[in-house]
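Visitor: Fit chains F, H and V to the known structure of chain G by using the hints.
The chain contents come next:
4 protein chains.
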Amino acid sequence: MSELAHLGPVELFTPDGDASLAFFVGVMGMDIVAEDGPSIYLRGWGDYQRWSLKLTACDTSGMGVLGLRAWSPEALQRRVAAVEAAGLGIGWTDGDLGRGPSYRFRDPDGHRFELYHECERYDPPEQLKPALKNVPGRYTGRGCAIKRLDHINILAADVRANREFCVDTLGYRLYERIQLDDGSEAGAWMSATIAAHELIYTRDAHGANGRLHHLAFWVDTREECMRAADIWLDAGIPIEAAPSKHAIAQGFFLYGIEPGGNRIEVTTGGRFVYAPDEPVVVWTEEERKRGQAWGVQTVESFHTYGTPPVK
Amino acid sequence: MSELAHLGPVELFTPDGDASLAFFVGVMGMDIVAEDGPSIYLRGWGDYQRWSLKLTACDTSGMGVLGLRAWSPEALQRRVAAVEAAGLGIGWTDGDLGRGPSYRFRDPDGHRFELYHECERYDPPEQLKPALKNVPGRYTGRGCAIKRLDHINILAADVRANREFCVDTLGYRLYERIQLDDGSEAGAWMSATIAAHELIYTRDAHGANGRLHHLAFWVDTREECMRAADIWLDAGIPIEAAPSKHAIAQGFFLYGIEPGGNRIEVTTGGRFVYAPDEPVVVWTEEERKRGQAWGVQTVESFHTYGTPPVK
Amino acid sequence: MSELAHLGPVELFTPDGDASLAFFVGVMGMDIVAEDGPSIYLRGWGDYQRWSLKLTACDTSGMGVLGLRAWSPEALQRRVAAVEAAGLGIGWTDGDLGRGPSYRFRDPDGHRFELYHECERYDPPEQLKPALKNVPGRYTGRGCAIKRLDHINILAADVRANREFCVDTLGYRLYERIQLDDGSEAGAWMSATIAAHELIYTRDAHGANGRLHHLAFWVDTREECMRAADIWLDAGIPIEAAPSKHAIAQGFFLYGIEPGGNRIEVTTGGRFVYAPDEPVVVWTEEERKRGQAWGVQTVESFHTYGTPPVK
Amino acid sequence: MSELAHLGPVELFTPDGDASLAFFVGVMGMDIVAEDGPSIYLRGWGDYQRWSLKLTACDTSGMGVLGLRAWSPEALQRRVAAVEAAGLGIGWTDGDLGRGPSYRFRDPDGHRFELYHECERYDPPEQLKPALKNVPGRYTGRGCAIKRLDHINILAADVRANREFCVDTLGYRLYERIQLDDGSEAGAWMSATIAAHELIYTRDAHGANGRLHHLAFWVDTREECMRAADIWLDAGIPIEAAPSKHAIAQGFFLYGIEPGGNRIEVTTGGRFVYAPDEPVVVWTEEERKRGQAWGVQTVESFHTYGTPPVK
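Chains as they are written, first to last, in my numbering: chain G, 1 to 311; chain F, 1 to 311; chain H, 1 to 311; chain V, 1 to 311.
With the rest of the complex left out, here is chain G:
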């Protein structure tokens, strides 16, 4: 039981705002809900919040601010106190679009996070109301038609330090991790729910700080994930890793690079962790050499590329 409800929204930086927007709207099938200066607020048809992605045109790529929704006002206060005690706090803000008071801080690696509880629920205009009242918005049926933001994988120079902060201070549950032969930690898969992962840290091959590995959007079936690969292919989106199944967390993936340079995943599946005392699965260096679940070897760039690029 975590005091966090879930991860997101996420702010993504792009040096090519127009092309990135065309990708998220035309190819991924997200909808624009608001604009503010260089930022566009977007949502998938199944996001319950008004927006899940804030696309900000600027001079670089990478992640802006990562939102974390606390379970309750009280949980928010407790997590803020814990973060302050850890010495990583920045301070309260008025919150982003439709959001209540938010507390900004940094993880040990320097990524900016924002804890909040109050937020605006998506209220579709009359012509976009879905037929079923337990669906947040109407299915778009455009492009990949991604449903919602799912998880994020950020890079860190020291995975273990950041993982410990997330577990001890934020209250994440750790489900799986990679431990190399030298004892160091190469990756950590954490979640606030029974879903296999929401927040992932993997080692920055350049030893850099504050970088993004990828941002993942959910579709309900593997068929939709493979359909996304067909769509990306036709749209000229570089496919870095074709649809296949991860060994870690068992998720089904498609990875590619959006026009702004950020790695994007379309994902589905993944295991669900119902046991409250689920043992942490520790993968060894040798086990990782077997590749993904069905033996696909991970492309080299997957281990080295992140945004913003290291000069």
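If you're looking for bench data, these hints aren't it; they were derived computationally from the structure.
Hints are not guaranteed to be accurate.
Treat identical chains as interchangeable: a pair holds within one or across any two.
[Claimed, not checked] Within a straight-line C-alpha distance of at most 30 Å, the following computed DSSO-like cross-link-like pairs (lysine-lysine) qualify:
hint, residue 1, residue 2
1, K133, K289
2, K289, K129
3, K311, K133
Guide: Chains F, H and V in isolation, oriented as in the chain G frame:
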């Protein structure tokens, strides 16, 4: 081995051209390739011909002309001779859009057919060229994104007479049929290929002539068929029969009524008949009472409704 | 955040132990892990506990004891205290197979529940170890090959009273419910996790107490759910409701009756509720008349049949 | 319109009969229908013939005899005459199990083929009769539960010569081929039906004759193909190529090596060719460098390994 290559294109009449067009383009995801007076020519992304559906606004609903592509110029001549010998010929036409000489005739029930061989292959504009060269057109990713025209089910006062004409004169293979306890034939499923059905006749409950039961469009997976049901639901398209599996031919279906009143199916699956001497499967009245494959009882309107409506 | 981790295992009574066992092993694809007198302990390949179903041959059908796993030893103590305060406690037991101290009680309707925390994790024999270390057991590939126990739907004479007990005393989250025009409650869908439902109460049409509506087992895809329908059909298992999509909770279902008379569901999908403040979806009598998501009308027996049968 | 109905049955040699049999029965889910000395006759649940695979234990691996079913007795006589005229005939045999008179011959590369028309249709025993009368046999629900034999890929020192023989003499339709920069042919995809491929020739990297690249079995969905990968992984079957989509023919694949050393594919999808005048798709060397449909690079062994092994 049939001398016919496949069924289609099909002309569909609609008393509400604008609404029907909005359905086929916005909901079904077809593209407009040409217009000619009251007629709009449409295609699915996977149709190899330039068009597969001709939507003609007029004062009624139902089927206009049903195209049948002959395997070769010689096969065309032979089938025309057979039709003429059967006394059902009308005569040669210059052919519809992009089509060579076509021979128009009527089936015993009065539906208009057109045999042809020459036709125009779809040549996508540069920006719509698909990435894979063995795909006819680029996947649209809009709405149900149907792939292509698949089959047609027409109604006849006398199923057996029409079935015999199609088998004996046109050269269709008969795969399955329904024989009622009184010996009469209630339905016949025929194909020119190994696909389970292309041309279906079922009994007109009103004893009327020349009417249409439904027109079916293909998607590659059952997931897409169920997605189409979600999309129809949101778009307000009346769902007559929710996705399920037919006993006859084993196809997966979704049936509904387009704004012009015609019954439309989104379909996939269905068995493939590789045996050249496959026995015809004959379904009895009692067997049909068990409903569809998984026991779903067919809704009453499915047995009685057709277009144009009987006054 | 619930203090309960999840629902199960479940004990199921059957008046025909041999036939029920043949169903769960041969058709559903579960494995036998232990026997104890009239009871057989079974598991799906993806259950993390040693067993999820206890099949007990006796003179009736219906549910025996419903297990609820508490999040921690402390959560167990707190929930037991709450149940005792509500006056519904029975007392501590040594726990069923592989389980630590368990506290037995009744819900207001009389069903027997058992709260516990300690339990044995499945430890596959060497020849059944799965290749991936984050999978509990090896995929069986037999029959429907269900993955794990998913949820239960029990009947109650007074749905509201039981729902309030589950929410207030046990700590369940209420996601959806049916409220009839007369103000009474016809059904309540509750969960301890983000999964759309684990514990469902619907109204007993006979006003009886302690009865079972259905027990549901999970598969990962809709394709597997439809495959189960094919398998049930061949195996002669009566299909009560063919695969389709629920409006409530959006789960995909297949319902039938196992040889002991109990209704069994194969299920997948269903929405996930990430919002901590998700509004409860209240369905009206009129809305329910629209049938399931795609308009399938629920068969009458679904509203009246339960186990044990009412004399 | 080909005079051949379809490809198969196929005889497969294995140096480890017991292990190969355990693979085809326990992992692939085929059923044994007969035995004859060192040969076991097997079928998938959806094969309409009594058997589709003859597994023969001997001192090597590779393909034994490849059956080709002629459309009719007359078509058989015409094809035999054509083969004899081409100087590749061997002579008539009494036919294999349940088969009428068969004509044995060799392709230019030396593989043994057998043309036949008469064959025994599978007649399931009472307890294995399927519920639907248009299904050949009852779904097994064991392991990968492959449905039927689908296609074969054989190796040849001179692809063009063999392709020309198959098209000109046997009457196959050529759908796709690879032409290298030096003008030589590296692969040819042919079919007797609208299905994308039944008979494939690719270049033998060792310049050897009479070898097998792979034998492919059909499942109806990509989900089942991915499930097969999970099952192979647990069963210790080496996965040579994880599930993904071919560019050529668009089929979905899983490749691995059975215990006898032969490469086996589980396949589904693939395009259907309805146009009688479909242009042959010619892939260039550069296009092939892009890998499979979604960019997966083919593993080196796929281009070099075949059976029997070249000493």
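Visitor: Evaluate each hint against the coordinates.
Guide: Outcome of the hint check:
| no. | hint | in the structure |
| --- | --- | --- |
| 1 | K133 - K289 | between (46 Å within a copy, 14 Å between copies) |
| 2 | K289 - K129 | between (48 Å within a copy, 20 Å between copies) |
| 3 | K311 - K133 | neither (49 Å within a copy, 38 Å between copies) |
Of the numbered hints given earlier, the model fails hint 3 alone.
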